[in-house]
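Visitor: Listed here are the chains, written in short residue letters.
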Amino acid sequence: MYTLLKKELGLYFNTPLGYVVTVLFAIFANFLFVRDIFLRGDSSMRTFFEFAPWLILVFAPAISMRIFAEEKRVNTLEVLLGLPVSETMIVLAKLLALFIFSAISFALTISIPITLALIGRPAVSEIIVSYAGILFMSLACISLSIFFSSLTKNQIVAFLSSVILLFFLLLLGSDFLAPVLPRILREYMVLLSPLIHLETFLKGIIDFRSLIYFLSFTALFTVLTVINLEKRD
Amino acid sequence: MIVLRNVTKVFGRKKALHSVSFATREGEVIGFLGPNGAGKTTTMRMIIGYLKPTSGKVTVFGKDPISERLQVLPHIGYLPENNPLYTEMKAREYLQFIAGVKNHHDEEYLHEMYRKTGIDDVLETKIEELSRGYKQRVGLAASFIGDPRVLILDEPTSGLDPIEQEKIRNLITSQKTKKTIILSTHILSEVEEVADRLIIIHKGSIVYDGAKPAQKGETEVLFRKLVS
Chain R
3 MYTLLKKELG
13 LYFNTPLGYV
23 VTVLFAIFAN
33 FLFVRDIFLR
43 GDSSMRTFFE
53 FAPWLILVFA
63 PAISMRIFAE
73 EKRVNTLEVL
83 LGLPVSETMI
93 VLAKLLALFI
103 FSAISFALTI
113 SIPITLALIG
123 RPAVSEIIVS
133 YAGILFMSLA
143 CISLSIFFSS
153 LTKNQIVAFL
163 SSVILLFFLL
173 LLGSDFLAPV
183 LPRILREYMV
193 LLSPLIHLET
203 FLKGIIDFRS
213 LIYFLSFTAL
223 FTVLTVINLE
233 KRD
Chain P
890 MIVLRNVTKV
900 FGRKKALHSV
910 SFATREGEVI
920 GFLGPNGAGK
930 TTTMRMIIGY
940 LKPTSGKVTV
950 FGKDPISERL
960 QVLPHIGYLP
970 ENNPLYTEMK
980 AREYLQFIAG
990 VKNHHDEEYL
1000 HEMYRKTGID
1010 DVLETKIEEL
1020 SRGYKQRVGL
1030 AASFIGDPRV
1040 LILDEPTSGL
1050 DPIEQEKIRN
1060 LITSQKTKKT
1070 IILSTHILSE
1080 VEEVADRLII
1090 IHKGSIVYDG
1100 AKPAQKGETE
1110 VLFRKLVS
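These protein sequence lines are chains R and P, in that order. Just so we're aligned, residue 3 is where the first sequence starts under my numbering, counting upward by one. Just so we're aligned, residue 890 is where the second sequence starts under my numbering, counting upward by one.
Everything labelled a hint here was simulated from the structure, so no lab data went into it. Every residue gets a Cβ at the ideal spot worked out from N, C-alpha and C, and that includes glycine. Treat each hint with caution, since some may be false.
Said to hold, decoys possible - Stretches of chain P that chain R covers, calculated by requiring three or more beta carbons in the stretch to come under 8 angstroms of a beta carbon on chain R: (1) 932 to 943; (2) 984 to 991; (3) 1053 to 1060.
As the list claims (entries may be wrong) - Here are a few chain R residues that face chain P, going by a calculated C-beta distance under 10 angstroms: (4) T5; (5) K9; (6) T17; (7) E73; (8) V76; (9) L83; (10) L85; (11) S113; (12) T117; (13) E232.
Here chain P stands alone, though its shape is the one from the complex (with noise of 0.2 angstroms):
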């Protein structure tokens, strides 16, 4: 599905990835493990065609997503590190544009994830007003336009408070069923509870790339270990 082999980016001097592979299978749940600048971000940007690889070689569904974008980007959907959002637009009008440009006009669809994602009561209001947690039910609820088969997360959760964390973390887990998902996060906690296989970038390069502990409270002593 997603494929990744040898890929290398460098920016200027730095290495941010260094010959990094996998492939994803699907409807499967990646947690995708890192500390701060260790290449998550960036290997996920490669996987939209937000990036370039400096060499090697990205595909999705057995297409190049740069070149190929417009066949390849209506499967996926994406929550950027930061969860940037156009905040002078109210939710509705937000969302109406990302389903506009996705070419997906089912208002039953678009009605029924509002309410999924608890957004129907701050559709009219502007973004920039909305709440920290809001803005990130926002942005997911963008990332479900279209019923993309796959979804590529980058820290959803970050900087919320533990209530939002879980509501959150529950909205991903609805989807888990029919989609792949990479998802990107710190909290070793979230990943332990909603992803099927781990893999832990550290400085660029893959240091492990399996199945999630199956004991609760592993993935972190694993964590530690190869990071530290």
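In isolation and in its complexed conformation, chain R is listed as follows (with noise of 0.2 angstroms):
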């Protein structure tokens, strides 16, 4: 397992493109936090893990659209599969190394915090939960873009189908798509929704539905890749 993490992180972190995709991400995600942080005029970070889902909304299938496309276009995979080790354990690394990635992106924030606390008294613990269900979430949607990334050759297509189920997920528990959806389906349709688990978190409160509905979410999705590498077809 470590060494096929270490070899996914290399991909990664061997080349100037996980560094640039990283400070890109940060810079966009404090200049979101930074734009109007003195118009609030409160010390809350809300306003930025308000936003966070529909970051990693494109961040968690940018990163992910390679990881089996890739292998698949240039045939490593043949490679991968012809050593002794598991499908589950390529595809865990593959999202441990990816959830690293993205803790490592989300840890370049930590200077709105900082800020924060040096301007104002934020609520600590609250952003503590809000990071996790980031976190979280991240990992949800990284495990799904994981198994998109599973299912064809091109990084393009693994991208764009990713985002597309996961912004009809973020929609299914957002003011626009939920009111419009018939009421007995509501009430089950928005529990579907990351946006919905989120909220507790982001509330300061870790709700072990939301966490159970988070690690299914990624269990399902890595399931599946798991299926879909042990095909063989």
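With the hints as a guide, dock the two chains, each given alone in a separate frame, to form the complex.
Guide: The following block contains the structure:
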């Protein structure tokens, strides 16, 4: 597992691409927050965390799109599957590597709470729990994007498929789509949205139902990816 | 050792292999010949468990290479067609990755293999910057890691100049005494030099399975007769 993880992380951090993506993400995330910090007049990170899911909507598929699609395109998947390692280990190593990569990217937004601490009195525990929620959501979105990457040789197809499905899931929990759903469906459909489950974390509450949602979501797409790799057609 | 029984593989509407059967013995070198699209790569991919047969059975050391791959694959060294490599890695990183996954941590063996395959002076070079010949040697070195009992080599000298081809051939020959080798190639002289046994496949079916002809040049005559 360690060897696989090291290889996956190396493919991101041994090339300038990994650093460029991480730094661009951090600059963009920081800019979104700094833009209106003095207009709001409070020391909360809520604006940042409320926008974060839409950032993850693009970021998770962007960093995950090549993870299997490229291996299929250049045929290194044949090398990987010709080695004595299980498909589950391969998928878990990729998932963990991308999660670490995304956690590092979010860690670069640490300047935001530090700035807030200097100019005000932010609710530290709420910020920590919100970051945890964002990381759980990233993990879930990465697992979905890895699954789509495993279905195709084309990175763009993998990216677009992931973005479209994630966008739909986010919309289910937003004010745009939820009100137009039939009432009988609405109650259940909104529960499928990561937005609804992230909301409890953003309030500083660790709700185990939401935690289980993110972990089940991740497990579901991880299992689907493993099944897809095991097909051998 | 490796047994294929009535193996058929269908991709969509195309039958790539039709009831292929053969068995290998320990220590023999099999020249696996066939024109483009004959089914050589498909056969090799099924032996390492990368593809599932549509019907029939493949076993390696009596085990299924897909469901029991963790028991089978440590004993197989595989060089896929076109030698796909992680080109962003340095040669040493790549080989250490393969060694790590194969759980082979004998540094002395690795150093000896770097020397034998002639890559010790390019270990710190990124694979994408290596010449085709060196890339091929890195791919071969990767297949040798762990001292596997079986080597499956799909077109190992394809696209190389005659001097490089000879070097690669010598490397394969150096492994000959102790391993079962299945060598797929277009180069008939290569088979005459290295193989003990010939399997010729044409349009997904085996058309010859037997000893290598005794006289030089006869392999080409036999091949042309069977696949024309």
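Visitor: Next step is simple, just say for each hint if it's right about the structure.
Guide: Now the hints, each set against the structure:
With 6 residues bearing a CB less than 8 angstroms from a CB of chain R, the region 932 to 943 of chain P meets the requirement of three and the coverage assertion stands. Look at the region 984 to 991 of chain P against chain R: 5 of its residues bring a Cβ nearer than 8 angstroms to a Cβ of that chain, three or more, so the hint holds. Closer than 8 angstroms: that is the beta-carbon criterion, and the region 1053 to 1060 of chain P has 0 residues meeting it against chain R, so the requirement of 3 is violated. For T5/R, the interface hint holds, since its Cβ comes within 10 angstroms of a Cβ in chain P; the closest pair sits about 3 angstroms apart.
This hint holds: K9/R has a C-beta 5 angstroms from the nearest C-beta of chain P, less than the 10 angstroms allowed. Checking T17/R against chain P by beta carbon gives a least distance of about 6 angstroms; that is within 10 angstroms, so the hint holds. Interface restraint check for E73/R: the shortest CB-CB distance to chain P comes to about 9 angstroms, inside 10 angstroms, so the restraint holds. Because the closest C-beta pair between V76/R and chain P is about 6 angstroms apart, less than 10 angstroms, the hint holds.
Contact between L83/R and chain P, as hinted, is supported at the beta carbon level, the nearest pair being about 5 angstroms apart and thus within 10 angstroms. At a threshold of 10 angstroms, the smallest CB-CB gap from L85/R to chain P is about 5 angstroms, leaving the interface hint in force. Checking S113/R against chain P by beta carbon gives a least distance of about 30 angstroms; that is not within 10 angstroms, so the hint is violated. Below 10 angstroms, beta-carbon pairs count as interface contacts, and T117/R has none with chain P, the closest being about 36 angstroms; its hint is therefore violated.
Proximity of E232/R to chain P holds as hinted, the smallest CB-CB distance being about 8 angstroms (cut-off 10 angstroms).
The structure shown violates the earlier hints numbered 3, 11 and 12.
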